[in-house]
Structure formats: structure tokens, C-alpha cells
Amino acid sequence: MIEIKNLHKQFGNLEVLKGIDLTVNRGEVLSIIGASGSGKSTLLYCINGLESIQAGDITIDDIRVHDPKTDLNKLRQKLGMVFQQWNSFPHLTALENVALAPRIVKGKSKTEATEKAIEQLRHVGLESKINSYPSALSGGQQQRLAIARALAMEPEVMLFDEATSALDPELVGEVLDTMRMLASEGMTMICVTHEMSFARDVSDRVAYFHQGIMEEIGPPEQLFNNPQSAHTRNFLSKVR
Amino acid sequence: MEMFSALRPQDLWFLAEAAGKTLWISTLAISSGTLLGILFGWVLSVSGRLGSMTLGAVLDVFRSIPLIIQLVLFYNLFPIIGIPLDPFTAGTIVLSIYTLSLVSNVVRSGIESVSQDLRRASRSLGMSYWQDMRHIVWPVGLRAVFPAWVGVALSVLKDSALVSVLGYVELLRASQILITRTQEPLIIMAIVGLFYFFLSYPIARAASMVEKRWQQ
Ligand SMILES: Nc1ncnc2c1ncn2[C@@H]1O[C@H](COP(=O)(O)OP(=O)(O)O)[C@@H](O)[C@H]1O
Ligand SMILES: [Mg+2]
Numbered sequence: 000m001i002e003i004k005n006l007h008k009q010f011g012n013l014e015v016l017k018g019i020d021l022t023v024n025r026g027e028v029l030s031i032i033g034a035s036g037s038g039k040s041t042l043l044y045c046i047n048g049l050e051s052i053q054a055g056d057i058t059i060d061d062i063r064v065h066d067p068k069t070d071l072n073k074l075r076q077k078l079g080m081v082f083q084q085w086n087s088f089p090h091l092t093a094l095e096n097v098a099l100a101p102r103i104v105k106g107k108s109k110t111e112a113t114e115k116a117i118e119q120l121r122h123v124g125l126e127s128k129i130n131s132y133p134s135a136l137s138g139g140q141q142q143r144l145a146i147a148r149a150l151a152m153e154p155e156v157m158l159f160d161e162a163t164s165a166l167d168p169e170l171v172g173e174v175l176d177t178m179r180m181l182a183s184e185g186m187t188m189i190c191v192t193h194e195m196s197f198a199r200d201v202s203d204r205v206a207y208f209h210q211g212i213m214e215e216i217g218p219p220e221q222l223f224n225n226p227q228s229a230h231t232r233n234f235l236s237k238v239r
Numbered sequence: 000m001e002m003f004s005a006l007r008p009q010d011l012w013f014l015a016e017a018a019g020k021t022l023w024i025s026t027l028a029i030s031s032g033t034l035l036g037i038l039f040g041w042v043l044s045v046s047g048r049l050g051s052m053t054l055g056a057v058l059d060v061f062r063s064i065p066l067i068i069q070l071v072l073f074y075n076l077f078p079i080i081g082i083p084l085d086p087f088t089a090g091t092i093v094l095s096i097y098t099l100s101l102v103s104n105v106v107r108s109g110i111e112s113v114s115q116d117l118r119r120a121s122r123s124l125g126m127s128y129w130q131d132m133r134h135i136v137w138p139v140g141l142r143a144v145f146p147a148w149v150g151v152a153l154s155v156l157k158d159s160a161l162v163s164v165l166g167y168v169e170l171l172r173a174s175q176i177l178i179t180r181t182q183e184p185l186i187i188m189a190i191v192g193l194f195y196f197f198l199s200y201p202i203a204r205a206a207s208m209v210e211k212r213w214q215q
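Sequences listed follow chains A and B, in order. Going by numbering that gives the first Met the number 0, the first sequence opens with residue 0, and the numbers climb by one from there. Going by numbering that gives the first Met the number 0, the second sequence opens with residue 0, and the numbers climb by one from there.
In short, the hints are calculated from the structure, not lab data. Treat the hints loosely; a few may be bogus.
In silico negatives: residues of chain B with every beta carbon more than 12 Å from chain A [what the hints assert, rightly or not]: (1) Asp10; (2) Gly19; (3) Asn75; (4) Val113; (5) His134; (6) Thr179; (7) Pro184.
Some, not all, of what chain B presents toward chain A, calculated at C-beta under 7 Å [stated by the list, open to error]: (8) Leu22; (9) Thr26; (10) Asp116; (11) Ala120; (12) Ser123; (13) Gly125; (14) Ser127; (15) Pro138.
20 Å max Cα-Cα, derived DMTMM-like pairs, lysine to aspartate or glutamate [unchecked claim]: (16) Lys77(A) x Asp131(B); (17) Lys73(A) x Asp60(A); (18) Lys107(A) x Asp131(B); (19) Lys73(A) x Glu126(A); (20) Lys73(A) x Asp131(B); (21) Lys105(A) x Asp59(B); (22) Lys109(A) x Asp131(B); (23) Lys68(A) x Glu50(A); (24) Lys73(A) x Asp56(A); (25) Lys115(A) x Glu153(A); (26) Lys105(A) x Glu50(A); (27) Lys4(A) x Asp66(A); (28) Lys77(A) x Glu155(A); (29) Lys109(A) x Glu95(A); (30) Lys77(A) x Glu50(A).
The structure displayed is predicted, hence computed values, not measured ones. For every residue, glycine included, the Cβ atom is placed at its ideal position computed from N, Cα and C.
The following block holds chain B by itself, in its conformation from the complex (with noise of 0.2 Å):
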């Protein structure tokens, strides 16, 4: 019997497949992570000095630990504890969070990024706090801190890849499989580089298409 076999056609739908699941993983993780990193990044901007340093450090220890680590931690540590998790669920929970320290960080410059004067104006003309946060700060700050946000959405979007620690089948778990079978690495390397440049390029394509929108 032979222990390697050629290429195949289906070998190409097992790889968009496991394209799929990166991207549905990596929408989710991108998703929650920024809608509770925009909550998060407010609290920064509004808590007094103690808050945001406490808030601030707890949501540096996801930014600065690999990823690697914490996945392999948090897939571990929650069976001892009496909760296991499938290999699905603890990457998408782990890139959440990773994806929420990043985003808030960049919603409280956004925030911040919104002079105080412009801020005074808008209260001034009878403006409640939130309208000046909804109809002001929203789009101004969205305006000032989007490129940091796509760029943050791209890198967790390759980041998923990690997730593949985990026995996670997506692109590059998918990927180290076919090349163990088929012993044709650069092939089908080139062929998932591929995949990744097709499921990056259209976001990086439609932020830039919205910040030119914007820049009238």
C-alpha cells in the first residue's frame, strides 16, 4: 500500500472548506470582539485614572501573551476545572478576547481622539450626552481610528491559523494534513496562501473603498 498519494481535485474542496471555518471562526472572533471591545474602550475612556490603568493591565496580559499559549491554556485549563471545550470553542472564545484587548484599546483613541472643544460644541447647542456620543464621537473617532481596526480584523483573521493547536480543522491544520499525505509542501502552501490573500483582499479592498468614501 502506498503510504502517500498525489493531489487530487477533492483535495481543493477540503481546503475551501477548512477556508470556510477560518473565516467563520474569524468573523465571530472579530465580531464579538469588537462590539465588546467598543463597551470596553468607552469604559477606558470615561473611567478616572485607577479605573483605566486596572482595566487597562488586565487587557494587556491578553495583548502581550501569544496567542498560542493562552489557546493552549484555556483549551487545558477548562476541563480541570470541570467544563471541557471543544477545540471550536475555546479558539473562537480565546481570538475574542484577544480581538476585544486590541479593539478596545483602539476604540479609546478613536474616543479620545475627539477634541474636547468639538465635544463642548455639540453639548453646547443642547446636545445630550449620548447624541454627542452617537451623531459626534461615533463618526468622527470611527473616521480616525477604522485603518487600525481593519488592520487589527486582518491580523486576527491570520491569527486564526493558531487555533489549529487545538486540532481545530481549518485552512492550516487542513494544509499540514494534505502536505503529510501528499509530501508536495509548496504546492499546496502556494495554494493556501492563496485562499488567505483571497479571504483578506476583499476587506482590505472595501475598508479602503469606505475611507475614500469618507475623505470628501
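This is chain A alone, in the form it adopts within the complex (with noise of 0.2 Å):
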């Protein structure tokens, strides 16, 4: 449902990206491992139009990502997004950090908005924080009601960037576990991750990048246990 093709981007001079072709099918959960300016997030900001990309193409669903006439608030629809800073809306409840995005955007009423909401709390574990402010969560349930945000538009693919990255070592595993569920439930899922261990046992695919190429991709076991490329070899060396 996701295809890429000879995607390059730039920030001025810096090629960031240089030439990445890439499908990821639904239902799919795919694993982006790779070292620190490698490109990875700025892959997941190419994909839902954050970014602009100078050549190449993305298409989700057939639909053009950058071509000027797509109407990118609605394609984001299908998009959630998590990010390494957890970004709460610090001035709502998490009741609304989750309810806003269906009421304004996608013009659910209040009653609906808000019982759909209090669901997705549900769904991630929140249900006894649903009028606590985010300066009154800890970052892994802050995480979660990212999470619970994001699914409340209902999208197709859920993309998250190094989501457990600046979590407290402890606070690690409640985001894991709810990323966890969601790929069982069947989540498109394309996962930049440090975390081996899930790469390894929840994707369907992981792939490595270096240097602004995906230079490998392929079954976790293969990936993993046999990687084809010295670059990967090399860095997996290093992270294990």
C-alpha cells in the first residue's frame, strides 16, 4: 500500500536520502534500524508530506504523496504518527490531547469525538488518566496517549520514529507492549527503532540504513543472523 520509489531528498547540500525503493505492504509491520543521521526519520517525515523530496516518487494507496494537488490534511488521515518527543498537547486533558484531531479535523461530534476517545485510552491503558494533563504523566504514558492520539483518526499506517528513544529504561517496555498489540491486531506499522529485540521478533521485515541508502532488507532471521552487507554486520556488532 506504501510504495517508494528512487526517493532523494535534500536539505540543501546534505542528500540525506539517495535513491530508497521501498513497499510496504498492508498489514505489514516493517522495521527501519540504522545509525543516528542516517536518514530514518526523515524517511517517516517523506512519507506523510512533513517533508518536501526533490526526485523520486511516494505513492500510499495509489495516491500521489507530493504531487501538489493531493490534499495532504486528508492523507495524513490514514497516517498516525509517533515521534521520539512524545508531544502532548500540554494544555489539554489527555480526554482531548485525543478527542481534538476527530472533532476538528474529521468533524465528529463532541459526544462521538469524546467516546471514541476515552475507547483508544482504553485500548492503551490510560483509562485511569483520562483527565490528567500531560505534565502529570510520566513519558511512557505520555507516549501512549501519543499513541491513543493517533489512532483516533483511525489511519491505515501507523509510522513511529525511535517511539521508546528518550524513555526512562523502565518506561521502555509499556510502549513496546502496546506496539506489541497493535501489530497483532493486523496495524500497517513501519517502526524506526533501536530496540533489536522487537525489530527481531514483531517485524515481518526489518531494513537497514547507512548513510542515506537502505542498504539491506529482509526477514528479521536473515537480516539478523545472516546480514549480507559488511555495513550491517558492522553495526550490528556494535548495537548487540
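Hints given; two lone chains; assemble the complex.
Structure follows, in C-alpha cells:
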């Protein structure tokens, strides 16, 4: 459902993505690993049109993301995104954080948006925090709130950009569990991650990015046990 | 005939009326200056380096020239080009522009206080630019710079006393008239001080109540 062809992305003179070809199928969980600065976040931003591209093509269900005629606000409803910094809306309660976009973007009634939001908060285990402000939540809870907020838009794909990297180690588990749950429910997911065990256990395929190039992609067993590229082997030997 | 006369009860009424004028001219200046300041602050935040430097420089002129000089210049220049202005109009315009120049900077820093990441998060949910502005940037930025805006409003309230140099009988001017007549500067200044206090204090109180409510 996501098709990326010969994607090139530059920031000024810095070429960050140097021709990426990648297809993600419906229901698939793809993990992206790689050193910091290799262009993983930028790829996610290009997929939902938060960054422009210089060459190539990205289509989502045959809609071209970077076509000027594409209504990005509409397209983004299909794509939930969770960031490294959880980015809770600080002035809104957990419930309002989740209910806001369905109400103003999808035009749902207040009651409907609220019901849906409560359901999503329950889904990620935050039913007891409905009326809390983000400042009263732990990092792990805020990240689960961010997941609930994205899910409330009923996206078809979830993009995770190092969702656990900014968390204290003891809070990583609860967020990974939530992500595992989504994967088991059949959500299409692209997860940029440093959690090798998550990548190995949950993903259908793992891609290794190296300096703006997708160096290697394959099932986790192959990529972790029998990497083809020297760069991949080198990277894996460092993170293990 | 006696030159000076003692303070009379109706003098208090005279001062109260003048306080009303202070409040009126300040309210006009603060509200119009704030509305325009929001617009200019937004323009500052979205225009590139060159644009915001140019506009910023113009606004800096109004921020850095003492208000009293702006008032006198403005009041005396307009008759020369054939548009006579009364002190009230001239004072309101100058105070408004002065407020605008202060508020636009407050607004710009309010907008810039909202992190790019947070705005990406709201856009990633499908919010349009203006939905993000209205539902995220405005409330989050407002909370960040509200105290600074209150500071501007209070200082404009006090600086409105300078309009007295044009002959507009607001609180300060009224007190000078009474002092000349009664030769009781201390008492009258004390009363005028109280008036200013009662004008400013409710604003400061209301502001801190609003901030408390936000602080949960
Ligand atoms: N907005 C930007 N402007 C300029 N350079 C950027 C910007 N965003 C990212 N970069 C650069 O692009 C490269 C890839 O960044 P990123 O996609 O964040 O890598 P990763 O997520 O793999 O760590 C880095 O060298 C980074 O400095
Ligand atoms: Mg990154």
C-alpha cells in the first residue's frame, strides 16, 4: 500500500536520502534500523508529506504524496505518526488530546469524539488518566497517549519514529507492549527503532539504513543472523 | 480674591472622571494595539530573515523613541500636512502604535515558543495550518507569553499619563491642575497614586487568576 520509488531528499547541499526503493504491504510490520543521521526520520517525514522531496515518488494507495494536487491534510488522516518526543498537547487533558483531531479534522460530534477517545485511551491502558494533563503523566504514559491520539484518527498505517528512545529504561516496556498489541491486531506499521529485540520479534521485515541508502532489507532472521552487507554486520556487532 | 483654594469634595469627582479617561484611552490603545500586534507578530514569525528584519526595524523605531517625543512629534506634524488632530485622537493613535510595537514582539516569541515538533505532531494528525494555529499554537503560545502581555498592558496604562503633554485631561493632567489650584501636592499625588493602583490592581489580579487556572 506504500510504494516508494527512487526517493531523493536533500537539505540544501546535504543529500540525506539517496534513492530509496521500498514497498510496504497492508498489514506488514517493517522495522528500520541504522545509525543516527542515516535518514530514517527524514524518510518517515517524507512519507506523510511533512518534508518535501527532490526526486522520486511516494504513493499511498495510489495517491501521490508529493503531487501538489494532493490534499495532504486528508492523506495524513490515513497515516498516524508517533514521535521520539511524545509531543502531548500540554494545554489539554488526556481525553482532549485524543478527541481534538477527530472533532476538528474529521468533524465528529463532541459526544462521538469523546466516546471514541475514551475507547482509545482504554485500549492503551490509560483509562484512569482520562482527565489528567500531560504534565501529570510519565513519559511512557505520554507516549501511549500519543499512540491513542494517532489511533483515534483511525489511520491505516502507523509510523513510529524511535518511539522509545527518549524514555527511561523502565518505561520502554509498556510502550513496546502497546506497539506489539497493534502489530498483532494487523496494523500496518513502519517502526524506526533501536530496540533490536522488538525488530527481531515483531517485524515481518527489517531494513538497515546506512548514510541515506537502504543497505539491506529482509526478514528478521536473515538480517540479524545472516546479514549480507559488511555495513550491516558492522552495525549489528556494535549494537549487540 | 484668593489665588488658591482648599481641596473640595467635587475635586475627587474631577479626578475620578480623569481616571475614567485614563482607563478609556488605555483600553482603546491596548485593545487595538494588541489586535494589530497579533497580526504583526504573526507576520514577523512567518516572514523570512529579510522580511522580519525590515519589519522588526520599523517596530524598533517605535519601541526605542521615548513615547513623549512620539506624542509631541505626531501631534504637531499632522496639522502641518493639513490634518489637525485633537489630543485624544493623537494620543490614542500613538499609544496604539506603541502598544503594537511591543505586543508584536511578544506574539512572535509566543509563536516561536511552540516547538516545531509539537506543530509537526498536530499537522501529522491532519490538522490544517490554521487549525494548528488556532487549537495548538495560540493556546500554548498564549500561556507562554501571557505574563509578558500583561506587563505591556500595565505599562501602557501607566504610560498613558504622557498624553497629558498634549493637554488631554487624564489622571495626571487633572492632578496637576488641582495641585496648581490647591498647592497640596502630597495629598493629591497620594490620591492619584491610589487611583492608578485601583486601575492596575484588578488587571494584575485577574491575570494571575487566569494563570493559576492554566497551571494544572
Ligand atoms: N530540517 C533539517 N535541516 C537540515 N538538515 C537536516 C534536517 N533534518 C535532518 N537533517 C539532517 O539529515 C540527516 C538525517 O537525519 P535524520 O533523518 O534525522 O536521521 P536519523 O533519523 O536516521 O537519525 C542528518 O545529517 C541530519 O542532520
Ligand atoms: Mg531520527
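Tested hints:
no.	hint	result
1	Asp10	holds, 48 Å
2	Gly19	holds, 36 Å
3	Asn75	holds, 47 Å
4	Val113	violated, 10 Å
5	His134	violated, 6 Å
6	Thr179	holds, 52 Å
7	Pro184	holds, 49 Å
8	Leu22	violated, 31 Å
9	Thr26	violated, 27 Å
10	Asp116	holds, 5 Å
11	Ala120	holds, 4 Å
12	Ser123	holds, 4 Å
13	Gly125	holds, 4 Å
14	Ser127	holds, 5 Å
15	Pro138	holds, 5 Å
16	Lys77(A) x Asp131(B)	holds, 18 Å
17	Lys73(A) x Asp60(A)	holds, 13 Å
18	Lys107(A) x Asp131(B)	holds, 17 Å
19	Lys73(A) x Glu126(A)	violated, 29 Å
20	Lys73(A) x Asp131(B)	holds, 14 Å
21	Lys105(A) x Asp59(B)	violated, 43 Å
22	Lys109(A) x Asp131(B)	holds, 18 Å
23	Lys68(A) x Glu50(A)	holds, 16 Å
24	Lys73(A) x Asp56(A)	holds, 18 Å
25	Lys115(A) x Glu153(A)	holds, 10 Å
26	Lys105(A) x Glu50(A)	violated, 23 Å
27	Lys4(A) x Asp66(A)	holds, 14 Å
28	Lys77(A) x Glu155(A)	holds, 5 Å
29	Lys109(A) x Glu95(A)	holds, 10 Å
30	Lys77(A) x Glu50(A)	holds, 17 Å
The earlier numbered hints that this structure contradicts are 4, 5, 8, 9, 19, 21, 26.
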